[in-house]
Structures are given as structure tokens and as C-alpha cells.
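A.B. asks: This is what each chain is made of:
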Amino acid sequence: MLAEWGDYLPSLLSGLAMSLKLAGASLLVGMPLGLTLALMVQAPLWVVRWVAIAIVELGRAVPALVLLQLAYYGLPTIHITLTSFLAATAGLGWITAAYSSEMFRAGVASVPEGQHEASAALGLGRIDTYRSIVIPQGVRVALPALLGLAIQIFQATALAFTIGLPELLSQAYDIGNETFRYLSVLTLAGLLYAAVVLPAGALVRGIELRLGRHLAPGQR
Amino acid sequence: MDAYREILGGLPTTLMLGLLALAIGAIGALPLMFARRARSLLLRVPARAAIDLLRAVPPIVWLFLVFFGLTEFDVTLQPFTASVLALGVVSCAYLAEIYRGGFMAIDHGQVEASQALGLRRRDALRFVLAPQALRVALPAIVTYALALLKDTSLAYTIGVREVLFRANEETQLGAASPLSILLFTAAIYAVLSIPTALLARRLDTALRSKVAR
Numbered sequence: 001m002l003a004e005w006g007d008y009l010p011s012l013l014s015g016l017a018m019s020l021k022l023a024g025a026s027l028l029v030g031m032p033l034g035l036t037l038a039l040m041v042q043a044p045l046w047v048v049r050w051v052a053i054a055i056v057e058l059g060r061a062v063p064a065l066v067l068l069q070l071a072y073y074g075l076p077t078i079h080i081t082l083t084s085f086l087a088a089t090a091g092l093g094w095i096t097a098a099y100s101s102e103m104f105r106a107g108v109a110s111v112p113e114g115q116h117e118a119s120a121a122l123g124l125g126r127i128d129t130y131r132s133i134v135i136p137q138g139v140r141v142a143l144p145a146l147l148g149l150a151i152q153i154f155q156a157t158a159l160a161f162t163i164g165l166p167e168l169l170s171q172a173y174d175i176g177n178e179t180f181r182y183l184s185v186l187t188l189a190g191l192l193y194a195a196v197v198l199p200a201g202a203l204v205r206g207i208e209l210r211l212g213r214h215l216a217p218g219q220r
Numbered sequence: 001m002d003a004y005r006e007i008l009g010g011l012p013t014t015l016m017l018g019l020l021a022l023a024i025g026a027i028g029a030l031p032l033m034f035a036r037r038a039r040s041l042l043l044r045v046p047a048r049a050a051i052d053l054l055r056a057v058p059p060i061v062w063l064f065l066v067f068f069g070l071t072e073f074d075v076t077l078q079p080f081t082a083s084v085l086a087l088g089v090v091s092c093a094y095l096a097e098i099y100r101g102g103f104m105a106i107d108h109g110q111v112e113a114s115q116a117l118g119l120r121r122r123d124a125l126r127f128v129l130a131p132q133a134l135r136v137a138l139p140a141i142v143t144y145a146l147a148l149l150k151d152t153s154l155a156y157t158i159g160v161r162e163v164l165f166r167a168n169e170e171t172q173l174g175a176a177s178p179l180s181i182l183l184f185t186a187a188i189y190a191v192l193s194i195p196t197a198l199l200a201r202r203l204d205t206a207l208r209s210k211v212a213r
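In the order they appear, the protein sequences are chains L and U.
1 is the number of the first residue of the first sequence in my numbering; add one for each residue after it.
1 is the number of the first residue of the second sequence in my numbering; add one for each residue after it.
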């Protein structure tokens, strides 16, 4: 099996690079959008609030596969044709935005009211208060959850196989189709996913403990 | 109209797939969780490794391993069976962690109080700890069940005729535009999950008030 794995590894690694690239692009699109949605959900204007809630709830309720297919096969109906990479980025970016917005919202909500009052007393406007006082503290609280989400998005890149993106799973599947050695090549692909996810998960737990060092054991 | 009716016809398969996988997970998670919490390293270490590995590899890879991989051992499963099995086994790992979280949330005084009352370990578990752990864990279980419902769509990749598979079929037949067919499909999942998610949030506050911490 090990000799085979040596043959498979180059194409699987190029697939892994594509998976990582897709995860990075989705997070780059999704995270800022998630923060924006978190602020929109608290907007005084109801139209803004409801639009944000609809985007968030749909992103959480609809399977990632359906969103990917909507972006890839659905959008051409209204004359928007995306490459499989862009379609996958749009689908996974939407999911990232939907889930991260709840995390940002909880983080921002955890910033004590006194911080808002102190900023007001110092004469900071609403925008400056959020930009320099509330958001930096809120993001710090939300960081472990956001990193956990980033790992889940990396796992979800495997779904882009269904729209023909040559990422890790589709490379493995192609090799399986040629060699009929599905078990061997899929096992290697699974191990490669685990080789990214497990250390990343351990790292996130480490960061979580470090950020919570000032808390009493019961609060952690 | 027929296209949409055809897609809705996949709903029983989607729901059955989700329910069977959830049932396997709900039951299989119990021994896995007890092994994970055991004092003996011989149980704890393999249980933890299994849970971590099952959760680290994307579900679709497990699905392919079960469906395509097992053929090398001359085990050929029906697509539906393979999907139930793969999603069920992955659920065991996620639910074991959810159950464990429920137990960890209970105040240790409950264990001591049970001992002081002379309850046996098994009775303490059954009448004192498990009911409280379940209350804490229930909202997370519902959330996971919804994630599982969404994951049933993976089964389309190996040819199970559930909702998304039929949607793909209909887009190829071209009776309606791909956009409207896929939006309809998205709406089916949204109608199933959004009310349940709202319910789970209500449940959370109601149940948490009945647990000793």
C-alpha cells in the first residue's frame, strides 16, 4: 500500500493545495461579510435587519451542496456564469458568512455596556466606538469559534468535488476510477484531511486556553 | 409543476436517511461516550482516537470509503445502505461528544449526593445524572440532527434518489430552469430546518432551568 501511496501523493497534494486555496478564498469572502451581517442584524432599520436575518438563516439551513449547485448550475439561468472555483467560493463564502455572523454577534454582545458608555464619555462617535473599542474586543472573544468554523469550511471544500473542482477528494476519486484501488487512495485522502484538521484543532484549543487564561476555571 | 412534484417525492428518502443515521448515532454514541469517559486508558485512548478521526475526515470521504472502498473486500452495499451506515457512524462520534458535554455540565455535587443517598452507580446514572445530562444536551442534539438532515444530500453523489438527486435529474431534463429548481430545493431544506432551529432555541432556555450546576 505504501508504494502505491507514493505514486498517488503528488496529485493528492496538488488537490490538497486546491482545497486549502478554496478554504482560504471562502474565509476571505465570508468572514468580513459575517461581521457586516452581525452588525446589520442589530441595525435600527427593520428592512436591513430582516435582509440580514434572511441571508443568515438561509446560509445555515440550506445544505452546502445545494448552495454550491445553485452558484454553479443555477446562476447561469440569469446569465451569471462562474468557474467552479468561484462558484465554490461563493457557496462556501455564504455559509462562512452565515455561521460567523452569529459568532461575531455573540462576541460583540459580550463586550460590557460600560465600554460603550466610556467611549461615549470620551466623545467617540458610534463608528469610532465600534471600530476601535467594541469590535476588537468582540473579535477576540469570538476568535476560537471562528477558527473552529475555518476548520469546518476546510472540510466542506470536499463538496466542491461535485462541481468538478480538482480538489483533494476529486483527485482521489479520479485515481480510484483509473486504478479501481478506491480503498487505498481514499484512505490516503482521508489521512491528508485528518493531517490538516487534527493539528489545526489542537492549535485552536491551545489558543482558546491562552485567551481564557484570565478567567476562573469554572468560566472557561 | 411535475418537476417540482418529482423533487418533493424524494423527501421521504431524505427524511428516512436522516432518521436512520440519527438512530444509529444516538445508540452507538452511548458506548463510545462511556469508553471516552472510562478510567482505563485501554478504553479511553482508542475511543478518543476514533472520535477525533471520525470528526476530522469530511463525511463525504467516509461515504466514499464505505461505498467504493468496501467493494475491495467484496462487500457491495446498496447506495442507501452505504449512506445510512456512513452518516450513522460519523454521527456516533459527534453525538458521543455532545452526550459527554451534557454530563460535564452537571455539578459534581449530584454524584456525591447520589452516593450519600446510597444509590448504586448504575441507579445514580439512570435516575439522577442521565436525565439532567439529556436536558443540557438536547438542544445540541437537535442542532446536530439538523446538520445531519443537510448532510443527507451527500447521498446524491452515490445515486440515492433523495431530494437533491431528483433536483439534478430535473435540471438535466430541462422542464424548468436550473435556478428555479435549485431554489425550490433550497426552500425544501429551509422549511424543514428553520422552524426546528427556532424551537431548539426556545427549548434551550426552558430545559437549562431544570439542571443542577
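Since the hints were made in silico from the structure, they are not lab data.
Every residue, glycine too, gets a C-beta built ideally from N, C-alpha and C.
It is possible that some hints are incorrect.
In silico contact screen, one side only, chain U against chain L (beta carbon under 7 Å); selected entries [said to hold, decoys possible]: (1) 57; (2) 144; (3) 153; (4) 184; (5) 186; (6) 190; (7) 193; (8) 196.
Label pairs and their calculated CB-CB ranges [as the list claims (entries may be wrong)]: (9) 20(L) / 49(U): 21 to 29 Å; (10) 5(U) / 49(L): 34 to 42 Å; (11) 143(L) / 46(U): 51 to 59 Å; (12) 127(L) / 198(U): 52 to 60 Å; (13) 139(L) / 206(U): 53 to 61 Å; (14) 147(U) / 203(L): 19 to 27 Å; (15) 20(L) / 123(U): 45 to 53 Å.
A.B. asks: Now, for every hint given, state plainly whether the structure supports it.
C.D. replies: Hints, one by one, checked against the model:
no., hint, in the structure
1, 57, "holds, 4 Å"
2, 144, "violated, 13 Å"
3, 153, "holds, 4 Å"
4, 184, "violated, 10 Å"
5, 186, "holds, 4 Å"
6, 190, "holds, 4 Å"
7, 193, "holds, 4 Å"
8, 196, "violated, 9 Å"
9, 20(L) / 49(U): 21 to 29 Å, "holds, 25 Å"
10, 5(U) / 49(L): 34 to 42 Å, "holds, 35 Å"
11, 143(L) / 46(U): 51 to 59 Å, "violated, 32 Å"
12, 127(L) / 198(U): 52 to 60 Å, "violated, 32 Å"
13, 139(L) / 206(U): 53 to 61 Å, "violated, 31 Å"
14, 147(U) / 203(L): 19 to 27 Å, "holds, 23 Å"
15, 20(L) / 123(U): 45 to 53 Å, "holds, 51 Å"
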